[in-house]
Structures are given as structure tokens and as C-alpha cells.
Amino acid sequence: MLFEILRDPAALVIAALVVAALSGVPGLLLRRAPLGQRLAACLAVAASLLALPALTRMLLAGERARYLIDWSLPFGVCEIALDPLSLFFLLPIFLVFPAGAVYACGYWPAARHRASEPSVTFFYGLLCAAMGLVVVARNGALFLVAWEVMALAGYFLLVTEHEHDEVRSAGTVYLIASHVGAAALILLFSQLRIVSGGFLFPATGSLHLAAASSTLIFLAALTGFGSKAGLMPLHIWLPSAHANAPSHVSALLSGVMLKMGIYGLLRVLSFFPERPLWWGALLAAAGLASALMGIGIASAQKDIKRLLAYSSIENLGIIAAGIGVALVGESTGNPRLAYLGLAGALFHVLNHSLFKPLLFFGAGSVMHATGSRELDRMGGLASRMPWSALFSLAGAVAICGLPPFNGFASEFLLYLGFFGEARAAEPYVALGAPLLALVGGVALLSFVKLLGSAFLGAPRSSQAGAAHESPPSMLAPMALLAGLCLVGGLFPRLFLALAAPVFPTLAPLSLRFTELPFRPPWFTLAGCGVLALAAALFWYLRRRSAALPVVSGPTWGCGYLRPTPRMQYTASSFGAMFGSLAAPLIRTRIKKSALTGVAPEAGRLSYQPEETLLYRVILPAFSVAGIGFSFLRRLQQGQVQFYILYIFATLLLLMLWVR
Amino acid sequence: MIDSLFHMALVLAMPPLLLGVIGKTKAAFAGRVGAPFLQPYYDLSRLMRKGVVLSETTTWLFRAGPAVTLAATLFASLLVPLGRHAAPISFDGDLILFAYLFALGRFFTTVAALDTGSAFEGMGAAREVTFSCLAEPTLFFALITLTRLSGAMSLTPMLLHVTPSLWVGAGASLLLMLCGLFVVLLAENCRIPFDDPNTHLELTMIHEVMVLDHSGPYFGCILYGAALKLYLLGALFTNIAVPFSAGNSYLDWGIFALAMLALAVAIGVVESVMARLRLIRVPQLLIAAMILTAFSLVLVVR
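Heads up: the sequence lines are chains S and X, in that order.
For any residue, its number in the working numbering is found by taking its place in the first sequence, counting from 1, and adding 119.
For any residue, its number in the working numbering is found by taking its place in the second sequence, counting from 1, and adding 42.
If we strip away everything but chain X, and leave its shape as in the complex, we get:
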């Protein structure tokens, strides 16, 4: 019960912090002081108080988009175990629901983007759905490998099964899987090298361009939902990458929170040292990630 409360609290409160850490890391690389760690929280509270600009072409779908997307992501947050703690909801096949809830969110984000009738938002939506077509199989290859290793078909037992001893046995496979998952994490959350969240040119953006016309509380919802999605896929990643358990429940929560912050720093480093890929190179990298995770499956079958 206590663990479930911790889970909810972390899921609700921590995601924007990751964005702050990523920003700070990038600022450090650039030799700037950067915005404070808590800047995303200030942004959110400011957006909640700001007025709304609605385009005349839009319908109710435009306003439903952020709500459905955030609802799907929030429900997905109940399915992922954080640290070494079981998720509040766990059943056979919850990993399929997890993947499909993100798809539901994507459906409504892109539909809301198309509702504005803007060519830029149409471009963003087309890119988003095309790239995620290629990212989806990678996730499923990774999940199959985990099912084979753990024998479970639910995220909680499957991820809790990853322990240091498993790393000794199947390290090569887990490493390949992590590479694939990291690529998916960056692609699904529209980070560099796939997309630049800070670019000023609408023509080259993916996620940011889809939400150009959202404003006020609606945009706040989208921003928070995006942070939450990064957090959940990040949790999936750190559960495999940091398999240690301290034996104490509270200590485990601490380890998990630190691991998530470290992941944010890693993303910040990647964003600082890499340039954005050309759009036509993106599918190639995604397919390479898919093949890496397929290799990880082959290694455990061998």
C-alpha cells in the first residue's frame, strides 16, 4: 500500500524534474548557468493560469486530444514497476496494454494536430506516426526477450526478474536490448538526434510542431504528458540497466530516483554532443535499433 502511494506520488511529481535536469546538463555543456532545475514546474503552473487561443478551424477533437493523451499516459503509469517495487496494476499481458495506451495517446495527439489544418502540424503528425511504426516492433522484440528470460508476461515480474546474476548470464543480450530501448526512448520522446525540442524552425520539428496551436492549460497538459511519457519509458530502461536492490524498500526508492536522474543527465549529454539527424536518416537508425533488439532475442534463444 505504502509502495503504491510512493509510486503514485513519484509518477505525479517527478517527471518534470527530468526535463529540468536535461536542460541543466545541456546548459553546463554549453557553459551557461541554465534555467533552474524546477523551471518545468514553474512553466506548468504558469500555463495553467494562462489564457487559451483556439483556432477557428478546430473542433472538440482538438481540445479532447490533450485530455485523452494524458489520460492514457496516466493509466500506463500504473503498469510500470518503479525501482524494485511492483506496479499497482499487474496482470498477464499488461505489457500489451502499456504499448497500446501510448498508441492511443499518439492517435489523439496526431488527430488533434490535423484538426488545426496547418501544413506544419500535418508534417509533424505524419513524421510522428511514421517513426513510431518503426519504434513499436523494437519495443516488442525487447519485451519478447524479457518474456523468454523471465517466463512472465507482465511488466512487474518481468522487470523484477532482471538481477545482477541475470546480467552475468545474459549480459550481452541485455546490453543489446538496452541500446535498442535507448534509441526508442529518444525517438518516442522526440529528443535529439531524432527531434530537437528547442529548435526554432517549425519545418524540421516533430513533436513540438504538432502542438503549435495548443495554449494555456491544454498545452500544460501536453507538456506534462510528454514528461510523463519520458519518465515511464525511462523507468522501463532503468529497471533493466540498474538491477540492484539494496534490500530495503526506502533505499530502493532512492536508488531508483537517482537512476532516473542519471538517465536524464545521460540524455542531456547525448543531446549536447550530437547533432540532429537528417530526417531521411531517422528511419535507418530506428531499423538498426530494431535489428539490435532482434539480435538480443537471438542471443537468448541460442
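With the rest of the complex left out, here is chain S:
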């Protein structure tokens, strides 16, 4: 029996999900603190060692599996299935989950966080398993249950440090946004139930609907899943949530949970045999707008994790734009565009789930060492934490889309799609290329700023000066992710092979495109060429300067005799020039105490970047809505018996209505 299970890769994947879900349970029961956490890390690694080979094998062999679950709930048959789309989205889950679990042993050690560690470990495993269930569920009700477990597990992880006001309010905003999204999903699945007669997901390409009905489904999916994926303007919950969670949790939230929105969108799109042109156009436009605004706002941040969170909005925007472009290609009968758009988007899904957790781990190491998220108070960490600096550098180069790392390969595919459209009769899609170039330029600015102000220069505070390198348990996951980033950039075919089985589900047209529109060996050649040239030059310069007199001294201060580290360019000043160009998106609010009298007392000055959209449009709209909703507060008694009464009354009314 056991042997049979081990032979069946699909059963292995399900077993790995169960192991992941239970990975934190021993820690809740065990008395000795570090044991539970280490056990959870071991179980997480074991789960992914079970799942990853099975996933790859099933993807490459094109295998599928279906399980019917006999349940007594009134939502029809419950089905769990593994098809290429599900398998593909399980990959990032099982990559980031063990990395984060191992990282947590050093970052959130049970010895130091005695009270919160067991629950963090438990919910971490639960979140992973819930995301897995979201991906394999084929019944609307089961999907919503898994979605809700995922959202709530995320909430409990996010409010780990609930003693801080900021964390609590970030948690509340997350909870509200998440449930507004869930409301859209309930609408989506109810509509699906109406048109297809059951909660079971329709088969790929089997939903032929009237325009009004399919538009409703698409818009509900775009709202519900788009808010999870952080598409602008549905992103308001994202930056503070990802900034306030512990770093290994941010890595999982940003690297994987955002992708669940993309998965849901792709799954709903796969139901339809043909999609109107405007769906793709809307998604591409929303994606590009998100990418541009997200990175524009990221460039002004001075909180290391907020910067990373806004850059997630950018990356998810790029993914959405790729999907949109692929849909446009599908509906205009352009297999090349369909292939390049979808391949670029799926490739970027994998890439983002490698370099974003890597950067969040890097930010975690920095916070672990300095106890602060303020870029303006860091500096000079590269000499104290050389390995963290090296891996963060790899992550930063990768996320800017620079060769030879993986970000370049996925953006290359999108660019190629845009450039190909320049030859079309109406080359609107080609305008994506300069936009993406602008996004790339601002991303470079943001990550040079992050790297420069955290790791380079002289320490700007005593904490930064006393920083220490992270333990191996934190460095090993970073090394793994950085290595995978490089592999993806040098051998993009390996990653594309994992994405290829998904194409028939989403873009059947792209299959007609048998020959790749680009030659992967060039990536290997260019990447290895640049690396080898750089290494040779570095070695040559080293040897050359070894033969020459080398003098060491302080940095040239342009004649100034007493420079201090506080005179360095800070993160805020680095971003100020671009910030003046991006003023409509983000403004920096300066708070200072007034100086009075002849001999004024010491004053304080602080500045905070504020998102214009949020502070000028969304928050005022919310406060108006808050006034409107204030009468509902009278129904909130805070007493359980009243709530039971409400439920009873609602049920009674519903029964009367149905009769």
C-alpha cells in the first residue's frame, strides 16, 4: 500500500501537502522550544523533497491526476485535480516554503521568540498547505474554503508582532482587503454555478456563454484575484502587510501568495474557449500601469521592506501584462504574440518567486543585524556581512532584469513579443517596449538605492556599525535561491520546459508555433561571456595593481577635512531627484518642529513618503464610506447571542423567500 503511494507522483504531491500542513503541529505540543522549530524545518524540507521531483516528473511527462472526494456538504461533488497549470503553480510553493522554514531557524529562533514561535511555525505550514489546496481544488466551495484558510493563516502570520500599532493596523487593512476580494470571488463562483449548474469547475475551454455573463465572470475574477495579486489600484493592503510581517513570512507572501491571484485569473480564463479582445487589452494595460506606478512609488521608499513590497506590485504587473498580451495574441490569431506573452509571464512567475524571497531574506538579515528597516540608518554592511551582501547583490541584479540573471530572460521574451508587434498593421502593442524600458530603468534606480544605502558606504548608525553576519541557516537558503537565479538566466530552457506544458490549457494557439522565436543558447553564451570577461578583467586588475604601490586612505572628501558618515547620500536623497519627476504618484511629507526664540531647543525633522493615490483618493473615499456604514455599527453588539439571532433571522427570511 505504502509502496503503491510512493510510486504514484500525484499521491506524493498530496502527501507532501499534508506533511506541510502538519509541519508546525509538533511544535505546538512540544515543551522544548528549538526542537519543534527544527522538526518543522526538517518536515518542510522533506515535504519539498517529496513534492518537487514528483511535480517536475508529472509536468514534463504531461501527467494528470484526479481525485473525487466524497463529502456530505451541499456543494456537489468535490474534486481535487493536478493538471499542468496546478503543477506549475505548486513549484514556487514547494521552493519557497522549505527555504523560509530553514531561514526561520536563524531569523525567528525559538529561543528568542518563545511566545510567538510555535504559532508562527504552525501557521507557516498551514499557509503553504492552504495555497497548495487552492491550486488543486476543482470545486468552487472547496476553493473558497482553501482561499479563506490561506487568507487567515496569512493574517495570523502577519500580526505576529501585534504589540506594535503599525502591525495591527496593517493586519486590519489586509483582512478587509482580503475579504472584499473574497466577496468578488463568491460572486464569481455563484455566477459560475448559475451558468454551469454546479460548483465543479468547468473543463478547459468548455464554457460558452452570453457576453453579459462572461463579462461579469471576468470582471469578478479580475477584482477578486487582482486584489490578491496586488494590481493597482487594488494594492493598498499589500505594502504595509508585506513590510510588517516577519521577513520569512514576507518572502512567502510576496514570492508565492501573490501568485495565487495570478493562478486564479489563469484558471478562470482557461474555462473560456475564446475571450474578447478587450479582456487581454484591459489586463495588459492594467499590468503595465501597475508595473510603472508600483516601481515609481518603490523608488521613493526608505523602508527596505516597503520598497520590496512595491517592487512586487511592479513584478506582478509585468506578469499580468504578459498574460494580457498573450490573450491579445490569442484573440487576434497571432501565435507568436500568444507564445511570447504567456511564456514571458509564466517564466516571470517562477523568477519572481526566486529573487523576491531572496531579497526579502536579505532584508531580513539586515534587520536581524541592525534591528531597523530604515535604509537611511544603515550603511556599510557589506564589510560586516559579506555573504548577505553578495546574495542580495545577485537578487538585485536579477530583479532589475539584467543579464546574466533570470530576470533578463523573462523580460527578454516580453520585449521580443512587443518588438514583433512593431511590424503589425496597428502596432499598439509595441508601445509596451518603451514602457517596460522605463520600468526597468526605475527598477535599476530603486535597487541600486537599496543595495547602496544598506550595504555600501560607511555605517550611518551605531547599530549598523555593530552588525554581524547571519548564521548559516539563514545564508544557505539565500545561496540556493541566488544560484537558481543564475541558472535560470544562463539556461532559460530549463525553466521554459516547466512552463511549456501549461500552454495548451491557456493559449492553444501558441502550440501552432512549433519553433521557438528565439535561440536559448545565446543566453548561455552572452551570460557566460560577460561573466568570464568580468572575471578575467577583475583578476587582471588585481594582478596589475598588486605589482604597483597601493595606498589606503579615507574617501576623497573634495577637500573637506572632517567628513562624517552622516554626510553620505542617504536613500531618501538618492531617490529625491527621480521623486521630483514622479511627484504625481508619491510625495514626501516633511514633519519638523518649529524653532522659536533666540536659542531654540533641539528640533526634529522627519520625512515620510506618501502615496498620492492612497492619501488623496482612496482614504477620503473610505472615510466617506465609513460615515455611511456607521449606522451598521448599531447592529454590532459584541454579544454572541445576538449574532446567533441574526443568523437565525437571515435563514428564516431566506427560507420564506425561497418558498
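No lab work stands behind these hints: they were computed from the structure.
Beta carbons are placed, not taken as given, at the ideal position from N, Cα and C, and that holds for glycine.
Do not rely on the hints blindly, as some may be mistaken.
According to the in silico footprint, chain S covers these stretches of chain X (three or more CB under 8 Å from chain S) [unchecked claim]:
| id | segment |
| --- | --- |
| 1 | 86-95 |
| 2 | 111-121 |
| 3 | 142-150 |
Here are a few chain S residues that sit away from chain X, every Cβ distance over 12 Å (derived from the structure) [to be verified]:
| id | residue |
| --- | --- |
| 4 | L148 |
| 5 | R150 |
| 6 | H298 |
| 7 | S333 |
| 8 | T342 |
| 9 | P392 |
| 10 | T451 |
| 11 | S581 |
| 12 | V606 |
| 13 | L615 |
| 14 | R631 |
| 15 | A713 |
Ranges of calculated distance between the beta carbons of each label pair, as one might list FRET restraints [claimed, not checked]:
| id | chain 1 | residue 1 | chain 2 | residue 2 | range |
| --- | --- | --- | --- | --- | --- |
| 16 | S | G678 | X | S291 | 45 to 55 Å |
| 17 | X | Q326 | S | E393 | 38 to 48 Å |
| 18 | X | R323 | S | V736 | 25 to 35 Å |
| 19 | S | V736 | X | N240 | 44 to 54 Å |
Given chain S, put chain X in place with the hints provided.
The following block gives chain X in isolation, referenced to the frame of chain S:
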């Protein structure tokens, strides 16, 4: 094969000459004799023999910066066709690699600048990344226009497609594109009116201030890399501006070398007759260039 050898030889040997010609032109305008044409070569060989001063705040990144930047620029030099000759490496999408290799170089130059912890170098780095954000889309608009005209997605066929007959057909668009590209050429290489390579005031510089702390062979690498970047973007420009082919391969190499020298003279003239722009005016000029190239795209779509 012979053409590839010529290509490598020109790319390796000629770039510093452009700097010499620019210097000589500026000297002529000022009524001076000026440094000899080969002065940049002397400078390079002198720097290679000079000692190194390293700041105590720096790490290995400071020394890796010049190496990675020069490596990226050298690899990019294999992708641009010179004159009417195909580049040694050409594949669909190489133009994207071309643009991104420069971005890689910029990343490492600015990171090396920030590694010194100097406020001046931080300023220079911030300006460099901000201005290139705006220069990048211009380049991509120009490349899209060329893709539309030639139907190719690789630099070699795309630039070889520009012939006198194409100028007759799409002259207005090509002219607008050239204006945009010339602005990008000046901005990316930190020439007047964007940056003054000879200024003595660190506060107003962009590129030169980022490399203040580099010295000896490291500074030599940077100087050569900067000349090479000017050469490559200049080659992109002259390929469009001088579309003539003499029919003979060797004659074409000659025409190309002359065109590059003429471009250096033109840059020298611009540097002599213009003043440096105020820093806040720079983004406006860059955006204007972007709009010019966008117009060139609109003209070919029409």
C-alpha cells in the same frame, strides 16, 4: 572572418581616438593648440602604470565595478554592426541585450560609486540612474521604429536596412530619430549639455564624480570603457546617419572610420558652442528627445 577581425581591431583600438578628436576640436574653437590626438592613449598607458589609492570604506564591489562595466561594454561591442558590415554576433533580440548590457554596466558603476560613502559620488550616481531612466525609452522608441522599417529584430539587419533609398522614403522619420538618438548619445556619455567632463566642480558633475575615488589601472578601465560606450552608441548613430555603401568592403571600413571622426568633431562643436544645462532642465530635454523618437514611430505607422 576578416570583417570580424577588423571589427574587433577597430573596437579595441579606435575609441580613445574619438576623445582626442573631441578635445582637439574644442581646443580649436578656443583658439588653443590643444593636446595631441593620441593624448587619451598616453593617458591610458600612464594610468596602467600608476599606483592605486583605495578608500578604507570600500569593499570588493568597488574594484569589481570597473571590471564588470568594461566586460559588459566589451560584450555589447560584439553586437553592433560597424559601417556596412555585419556584427560578429547577431540574433533575434540582440538589441535588447545591447541595451541591457549598458544597464548592467550602469548598475555596477553606480554601486561602486556608492561603495565609497562619499556624498558627491552618491549625487553623481543618483543623477546617472535618474537620467538614464529617461534616456532608455528613447532608445527603445528608435529601435521599434527601425524594426517597423526593416522588419528585423536584430541590430545587424536592422541597421544595414537603412540605405539612401530608405532615406528618400522615410527621411522625416529617420531625421527625428537621429535627433533623439543624438540627445541620448550625449546624455549617456555625459557630454555637454548634460554633463561637463572637464568641470572642476564636483558638485555639478555626473559621470566624473562617480569615479573620483578610482585610480590607477581601475581608472584606466573606466576611461577606456567610457570611450568604448561613446564609440558604440556613436556607431549606432552613424549607421543610420551615413547609409552609403561604396560596394567595396575596405572602402566601407574607411567611410565608417571617417564618419565616426566626423561625429567626434560634431560632438566637439556642440560642446564648444553650448553651455551646460541647469540640472533641472536635463530631464526636460530628455523627455523632449523621447517625444521626438515617438513622433518618428508615428510617422512610419501613418
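Quick rundown of the hints versus the structure:
Figure legend: the segment 86-95 of chain X, annotated as covered by chain S; annotation consistent (6 residues with Cβ-Cβ distances under 8 Å, at least 3 required). A count of 5 residues in the segment 111-121 of chain X with a Cβ less than 8 Å from any Cβ of chain S is obtained; the coverage claim is therefore met, three being the minimum. With 6 residues carrying a beta carbon less than 8 Å from a beta carbon of chain S, the segment 142-150 of chain X meets the three-residue requirement, and the given coverage holds. With a cut of 12 Å on Cβ distances, S:L148 stays outside the contact zone with chain X, its closest approach being about 46 Å.
In this structure S:R150 is separated from chain X by more than 12 Å, as the shortest Cβ-Cβ distance comes to about 45 Å. At roughly 38 Å, the least C-beta separation between S:H298 and chain X is larger than 12 Å, which holds for a residue marked as non-interface. Against the 12 Å criterion, S:S333 stays outside the reach of chain X, whose nearest CB is about 32 Å from its own CB. Remark: the non-interface label on S:T342 is consistent with the geometry, its nearest Cβ contact in chain X lying 31 Å away (cut-off 12 Å).
The beta carbon of S:P392 is kept farther than 12 Å from every beta carbon of chain X, the shortest such distance being approximately 32 Å. The Cβ of S:T451 lies farther than 12 Å from every Cβ of chain X, with a closest approach of about 17 Å, so its non-interface assignment holds. For S:S581, the shortest C-beta to C-beta distance to chain X comes to about 16 Å, beyond the 12 Å cut-off, and the non-interface label holds. At roughly 18 Å, the least C-beta separation between S:V606 and chain X is larger than 12 Å, which holds for a residue marked as non-interface.
Residue placement check: S:L615 keeps its beta carbon more than 12 Å from all beta carbons of chain X (closest about 15 Å). For S:R631, the non-interface assignment is confirmed: its Cβ lies about 19 Å from the closest Cβ of chain X, beyond the 12 Å cut-off. Chain X leaves S:A713 outside its interface by the beta-carbon criterion, the shortest separation being 28 Å against a cut-off of 12 Å. In this structure the hint that S:G678 and X:S291 lie 45 to 55 Å apart at CB holds, the actual value being about 54 Å.
Against the hinted window of 38 to 48 Å, the Cβ-Cβ separation of X:Q326 and S:E393 comes to about 46 Å, which satisfies the hint. Between X:R323 and S:V736 the Cβ separation comes to about 32 Å, which falls inside the hinted range of 25 to 35 Å. With their beta carbons about 48 Å apart, S:V736 and X:N240 fall inside the hinted range of 44 to 54 Å.
Consistency note: the structure conflicts with none of the earlier hints.
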